[in-house]
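Visitor: Here are the chains, one letter per residue:
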Amino acid sequence: MDEDILTTLKILIIGESGVGKSSLLLRFTDDTFDPELAATIGVDFKVKTISVDGNKAKLAIWDTAGQERFRTLTPSYYRGAQGVILVYDVTRRDTFLKLDNWLNELETYCTRNDIVKMLVGNKIDKENRAVDRNEGLKFARKHSMLFIEASAKTCDGVQCAFEELVEKIIQTPGLWESESQNRGVKLSNQEEGYGGRACGGYCSML
Amino acid sequence: MRATAQWLHKMAADSEPESEVFEITDFTTASEWERFISKVEEVLNDWKLIGVSSGKPLEKGVYTTGIWEEKSDEISFADFRFSITHHYLVQEASYKDGKEELVEDALPLSMQDLLCMDNDFPPRAHCLVRWYGLREFVVIAPAANNDAVLSESKCNLLLSSVSIALGNTGCQVPLFVQIHHKWRRMYVGECQGHGVRTDFEMVHLRKVPNQYTHLSGLLDIFKSKIGCPLTPLPPVSIAIRLTYVLQDWQQYFWPQQPPDIDALIGGEVGGLEFGKLPFGACEDPISELHLAATWPHLTEGIIVDNDVYSDLDPIQAPQWSVRIRKADNPQCLLGDFLTEFFKLCRRKESTDEILGRSTFEEDGKEVADITHALSKLTEPAPVPIHKLSVTNMVHSAKKKIRKHRGVDDSPLNIEVLNTIMLFLFPDAADKLTNGSEARPSTSRNNPPPESEEYNLYSQFKSAPSDSLTYKLALCLCMINFYHGGVKGVAHLWQEFVVEMRRRWEKNYLIPGLANGSPDLRCCLLHQKLQMLNCCIERKQARDEGKKTYTSDRSPSGSSCDTGKAVVRSGGDYQKETEKERGEVGKSWESWSDSEEEFFECLSDTEELKGNGQENGKKGTKEGSKESANLKPEGRLHPHGKLTLLHPGEPLYIPVTQEPAPMTEDLLEEQSEVLAKLGTSAEGAHLRARMQSACLLSDMESFKAANPGCCLEDFVRWYSPRDYIEEEVVDEEGNRVLKGELSARMKIPSNMWVEAWETAKPVPARRQRRLFDDTREAEKVLHYLAVQKPADLARHLLPCVIHAAVLKVKEEETLEDIASVKKIIKQIISHSSKVLRFPNPEDKKLEEIIAQIMSAEAIIARARSLKAKFGIEKCDQEEEKEDLERFVNCLLEQPEVSVIGAGRGPAGSIIHKLFVNAQRMTESSDEVATMTSLDEELKRSGSSDERRLNLGAVADFPPPAGRELILRITVPRPAPYSKPLPQRMYSVITKEDFRLAGAFSADTTFF
Ligand SMILES: Nc1nc2c(ncn2[C@@H]2O[C@H](COP(=O)(O)OP(=O)(O)O)[C@@H](O)[C@H]2O)c(=O)[nH]1
Ligand SMILES: [Mg+2]
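As you go down the protein sequences, you meet chains D and B in turn.
If you read the first sequence in full-length UniProt numbering, its first letter stands for residue 1, the second for the next number, and so on.
If you read the second sequence in full-length UniProt numbering, its first letter stands for residue 1, the second for the next number, and so on.
Just so you know, not all the hints are guaranteed correct.
Said to hold, decoys possible - Over 12 Å on every C-beta distance to chain B, these chain D residues come out as not near it, computed from the model:
id: 1; residue: I5
id: 2; residue: L37
id: 3; residue: K46
id: 4; residue: D63
id: 5; residue: R71
id: 6; residue: I124
id: 7; residue: L137
id: 8; residue: R141
id: 9; residue: E149
id: 10; residue: E163
Said to hold, decoys possible - Cross-link-like lysine-lysine pairs, in silico, BS3-like; alpha carbons within 27 Å at most:
id: 11; chain 1: B; residue 1: K746; chain 2: D; residue 2: K153
id: 12; chain 1: D; residue 1: K10; chain 2: B; residue 2: K844
id: 13; chain 1: B; residue 1: K641; chain 2: D; residue 2: K98
id: 14; chain 1: D; residue 1: K117; chain 2: B; residue 2: K825
id: 15; chain 1: D; residue 1: K98; chain 2: B; residue 2: K676
id: 16; chain 1: D; residue 1: K10; chain 2: B; residue 2: K676
Just so you know, the hints here were simulated from the structure itself, not pulled from any lab data.
C-beta: ideal position from N, C-alpha, C; glycine also.
With the hints as constraints, model all of the structure from the sequences given.
Guide: So, in structure tokens, the structure goes:
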């Protein structure tokens, strides 16, 4: 069963508390919405296998509590993550304004600079929208992130968000396969040109 | 048979009797032969080499600047495997495909190429390109490296197959067969066009027959081979290249003396530069200079070159080009350091095994004193310390050692050891001079520079270049190389670990480590040291807490008391925190009031049980009345203007416990444990519970600081978005704010409510410690103690690579070499991919080290060449720049042409170098100096004059290689045949003589 799994990817969900991180994850993994979902303490963890472009990838998804006080616990979970989903609540402007802080934190603790980032504006089912879609789009573009608006409640955009993130990770060389660490690296005697060929025909005169 | 047979015969006569390599295969079976031919045809078809070849005339030098590619396949003759390879110069597609203006009976391209003079003597090319000037050809050669086609009949059979295949397919690309042992590079081949054919033939001899050593003899053989019926023949066109080798220049110039290491250690403590890596070659990285003097366009009759006289004076040659031969892997210091350090990674022994237990354990106390050598420098001592000099310390320590063991048994010289320890722990020196207490390292207060270079550590996962860890790595690297190898390494490490323990026990902070939690961007060893420092800090804080608090302590938690339970506030309210500073003093009174209790009850909450229990039992709201009577404790400062919901008192942010610092291995462990709980509801619940210690602790602190508070109050501080406020209209018609917990907080017996109910009002300082510094420190110390030298080397390799890259960078800036800049970039990107992962493969590490070594070698070569060409001494700015450019080209291109040949500035320097070398070999008088020679050259003026005094010593040695290309277009085999290109290349070196002929004939009218 595990044989056809291409790779295991570590994905992180971050953002202010209450924006719907746990709900998005629950929607993605169990396809349900639970209005009685408890506030996360520390970090939580879920697994799901998905198939993107015919490749199966196992996702280990770490959900974090957004409260300031818990943040001291989470940096460890940034380590080695290949993808991160940064969530804000489109009905709460303050959660959008906090995004910069989250990106800083990501930069500080993330061990790799090629991590794939996705911005999700959640709760678009609600009526009192406070952040325009274009603002989210602009922010994402500025920070080279993927962007989507979603609703954990109505299911809008959720599947798509995860799939696109995974697809992007798989397309990023060196991010997920261990062999690829060496890709594109040329070794010291590259300037020797023909010198090392087995044919023996290449030569300078003497 | 054809002429080939004759040539082959010559060649065969020259080779010693050798065993036939493929006796077993019966080549004569008709069916096998036919199958072979059809396979060849198939491959030619697949590669689309069928039909008329086309292409534009070759540009000058395109064989050097263009791209060559090859395509290979495998075919077999019976069970003998051959590889068939198409070599070709990549050409613009439009010429390859556009078959519009093809003239049916035009000569095949290859035949035209035979006459092209614009690509003679390419610096680097397949030998068949060099010999025949071809842009494209196919070679059939035995597939296995030691297979060979040896017998004449088999050679002929192969050649006939080739001929048939070419004929059947109409392929116009020359097809060669490699015969004899591969090292001889013997090829025969054929090219066919419409009514024309070129035979490629070859002679290869060990020694050149006398009559072929000069132009006139070669012209004779060329003409006789052509056997052209025309008289007189048109003049033969000639290209000649003579190559001279310069080897003996080391005598004048030694690139660099190995540094005198003993001098480093000898003198003053301050003079020692343990933090530096050495650099440069220990031997000349340039072994030879090859000068090629070329006459590209001569015509028969213009010059004389026979067995008694020659017009070919290299000084007069119209073209000069130079190439250098680089010493293979010249010994370079930085590379050696790295390689030796890397070798440590493979050692198996533990520190104890290397040092022998006796030294440090059996002999008991007295020896232990010595291993604590440094402790005497930093410990408060009853004797005024300034009276003790370092040398005093060392001498007494040495004497003690001598008592127990021979002094030489000590793996590290005690002076070296002391110097290193003072280098690593400069605070010990501060102490020595001041007699005052060691300051917690000076660098701690300086914010790290934000330069790109400084931040390299996060890419390499090493450590900042001013950190203890980085310095330790460099010291170990140097010790490994110069001071006793692995034994010295083990010894220093043991001393280091002893020092770490001493610092923990004595409460001295470790210098050279950034404040705060372990930096996960650094190597694990660095994190461990930081962790130890965190423990020391907290212990310091606890110990200091025992002393009476003085009022001048800053309440804002500055670096000196970070070990205390520390300030944390809801981030959303950071700004208010700043504003409230003024009021802070008040809350601190409560802090210092109860100072004594802080330590009495550190890990004992028993006595508080009665106090908290009843509070917990009653629900969130009711319980408050009674507890409101409790005395508030552990207040940090008020939380803005917020007041408690019920008593209406200001809401205070409590002093809370600082979360536990973590190293990456601990974090890894923890996240593994959490992940193992699985994804079930139960697992999730357990996971939350395991992580709720911090929440509970904060709730307790909060309750202690805010008697009478309820969960809503707590949530307003801790997770404000979970307290939802709404404007409502009350009974009297007023709009009021009504707040309530969010839905998820109201879920009965959710973990927040549960924790709230369990939490007792206990201030942080009386709570059980979330972080057990004693235990963690002991864990770190144990971890350090069990590290073998090999483990250590693996931990620190990133630091050493980091330092080496910085060193290469520094040296490169002095020379400004583009290719090194490129390599440095590659090393950095390669390293950051390899080093950031745990347990990188040795192979990849070796690759990185090899890259660093190649960069070092290039810089060393540049320096060697600059010295040889006297660039530093050159006082004319313009000339200097030209020379510099020339030297850079020499480093980066296979061959560089000398502007002005023997008469240009570079040319005259090269000339001088040769003259000097000649003098040196003639008269073994080594004192011959450059200067006297310079004058002589100036005096002698033109080379004609010099030729007259040639009686003494020739300026140049005999050429190491003579290459000639003879070309002509004449009808063959009959006078009325089509005039076709004929060509012969010859090369004479010390080891061999080769003639490579291409003779074309008209096949239509014959
Ligand atoms: N209307 C609506 N409510 C949502 C949505 N996602 C989450 N919520 C609610 O927002 C609150 C916080 O959600 P949660 O997933 O716990 O947020 P987290 O703290 O970021 O993990 C809960 O009450 C959810 O029911 C959504 O898409 N639409
Ligand atoms: Mg959550």
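Visitor: Look at each hint and say if it fits the structure.
Guide: Hint by hint, here is what the structure shows:
no. : hint            : verdict
1   : I5              : 17 Å, holds
2   : L37             : 6 Å, violated
3   : K46             : 5 Å, violated
4   : D63             : 10 Å, violated
5   : R71             : 8 Å, violated
6   : I124            : 18 Å, holds
7   : L137            : 24 Å, holds
8   : R141            : 25 Å, holds
9   : E149            : 20 Å, holds
10  : E163            : 20 Å, holds
11  : B:K746 x D:K153 : 20 Å, holds
12  : D:K10 x B:K844  : 24 Å, holds
13  : B:K641 x D:K98  : 23 Å, holds
14  : D:K117 x B:K825 : 26 Å, holds
15  : D:K98 x B:K676  : 32 Å, violated
16  : D:K10 x B:K676  : 15 Å, holds
Violated hints, listed in ascending order, are 2, 3, 4, 5 and 15; each of the other numbered hints is respected by the structure.
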